[in-house]
Each structure stands twice: as C-alpha cells, then as structure tokens.
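Peer 1: Taken in order, these protein sequences are the chains called A and B. Residue 1148, in our numbering, is where the first sequence stops; the numbers in between run on with no holes. Residue 121, in our numbering, is where the second sequence stops; the numbers in between run on with no holes.
These are computed hints drawn from the structure, not numbers from a lab. The structure presented is a predicted model; accordingly, all values stated were derived computationally and were not measured. Every residue, glycine too, gets a C-beta built ideally from N, C-alpha and C. One or more of the hints may lead you astray.
[To be verified] Reference excerpt, derived from the structure (chain B facing chain A, CB under 8 Å, subset only):
(1) 48
(2) 50
(3) 113
[Claimed, not checked] Calculated from the model, a selection of chain A residues having no Cβ within reach of chain B, i.e. all distances over 10 Å:
(4) 1077
(5) 1081
(6) 1084
(7) 1103
(8) 1127
(9) 1134
(10) 1140
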Amino acid sequence: EAGVVQSPRYKIIEKKQPVAFWCNPISGHNTLYWYLQNLGQGPELLIRYENEEAVDDSQLPKDRFSAERLKGVDSTLKIQPAELGDSAVYLCASSFEGYEQFFGPGTRLTVL
Amino acid sequence: TQLLEQSPQFLSIQEGENLTVYCNSSSVFSSLQWYRQEPGEGPVLLVTVVTGGEVKKLKRLTFQFGDARKDSSLHITAAQTGDTGLYLCAGAEGGGADGLTFGKGTHLIIQP
C-alpha cells in the first residue's frame, strides 16, 4: 500500500513569493491534515479536512495561508506571500475515521 | 490548549544500555501515540495506547499509558544504533479524527 505522497520535497524561494505544496493521502483515508514542524519542535496542526470540508482551520494563518481539497482526495496548501518565518517542514498526514494518522515525508521550505 | 511535555529533550547513551522517555500532561487524552522521526522524513507511527494503565510491547520497546491517561512512557531495552532518532508523543483530545497535540520530542542518540 502506498503511503502519503508529498511534493515537492524541498523548496527554496525568496520572501514575498508564493509557494504551494501538494499532498496525496493514503487511498481510502477520508481525513487529511496539514502540520507545520519548526526545527527541533514537534508538528503543529494547521488544518484538518473531513473529505472535502475543512473542519478545523483555527490554527491556519488565513491572511497568507490557504488550503483546498476540492474532490476530497488530494490537497494543496498555499502561502502567499511567504515570509522568512515560514521556513519550516510542512507535513501532510491522513487517517481513516481518525484513529491513527500516517505522515508523508514532508516538504522542507526555505524562505530567503 | 493541551500541552505535552517530553523528557529528556536530549539523550545520548551507549549501545546495549536501557532508557526511558517520558511524556507528561496536566490534561486527559483519549488516546496517545508514539512516533519516531528520522532526519528528512515524516514521523512514523510506533504505537497507539487508548486505555489507562495499558502496556504495549513492540520488540525491545515497551509503551505504557498512565492510569489517568495524562502521561506515558517509552522504555527501550538494550538500545541499538538503529534506535537513533527523534521520538515524539502525541495526544488526541477527543475521539475520532481530531488533530494531534505533539510534544517537542526526545532526540535519542545511541553510540556504538
């Protein structure tokens, strides 16, 4: 069974530029999560989807961050414009009915 | 917001020694998960504990959930160099598909 797929694995951009991350969850998993992980820290939840509905986006900085999961399968997380403090690893995870979450390898973003 | 405190933050021991990592909170969690993360990769789920007082074993790793479901421990017997990594505990506040609250992790280095 294929795991959670994320792309790109690495991204380097200049500040004020836009950036997008893509995630394809494990087949059949209805719940999808985006987490942010700063260096030396544990992941922090940004947004959770149940199928195509964002059911928890309370920690998503909505002034510059947006996300979508149009068909309830893969998802895109966007930052526009990026700031220096956005440099981090962005992790996607999925679960079936929420019992156990499985993570992708993450996208490491560097903002210069 | 529920917080998870992990200790120690860093641990370096010799191969063959035993160790215990702790995860503590003042709040009750419906379930608690332990993950292991290697550099450049996403967290990999090791175990989920749900019942207060529960003990689960995974080869040389023993996981325990506190009776009050506020704390957990991970004990490794006869550590091997392959056990090196970042160990994260994560708690779910409610049932179902809630996002996880992660601790900051324990950086474990097993020296040959």
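Peer 1: Taking C-beta pairs only, is residue 1081/A more than 10 Å away from all of chain B?
Peer 2: Contrary to the label, residue 1081/A does not stay out of reach of chain B, its closest Cβ about 4 Å off (not over 10 Å).
Peer 1: Just to be careful: measuring from the Cβ of residue 48/B to every Cβ in chain A, is the smallest value less than 8 Å?
Peer 2: Violated. Min distance 10 Å.
Peer 1: Check the non-interface label on residue 1127/A: least C-beta distance to chain B beyond 10 Å or not.
Peer 2: The claim breaks: residue 1127/A does not keep its Cβ more than 10 Å from every Cβ of chain B (closest is about 5 Å).
Peer 1: Is it the case that residue 1077/A keeps its Cβ farther than 10 Å from each residue Cβ in chain B?
Peer 2: Check fails; 6 Å does not lie beyond 10 Å.
Peer 1: Is it correct that the beta-carbon of residue 1103/A has no partner in chain B closer than or equal to 10 Å?
Peer 2: holds, 13 Å
Peer 1: If we take the beta carbon of residue 1084/A, is the closest beta carbon in chain B still more than 10 Å away?
Peer 2: violated, 5 Å
Peer 1: Against chain B, does residue 1140/A keep a CB gap of more than 10 Å to every residue?
Peer 2: violated, 5 Å
Peer 1: Quick one, is the residue 50/B hint okay against chain A at 8 Å, beta carbons?
Peer 2: holds, 5 Å
Peer 1: Does residue 1134/A really sit off the interface, with its C-beta more than 10 Å from all C-beta atoms of chain B?
Peer 2: Incorrect as stated: the minimum Cβ-Cβ distance to chain B is 3 Å, not above 10 Å.
Peer 1: Residue 113/B was flagged as interface toward chain A. Is the shortest Cβ-Cβ separation under 8 Å?
Peer 2: holds, 5 Å
Of the numbered hints listed earlier, those contradicted by the structure are 1, 4, 5, 6, 8, 9 and 10.
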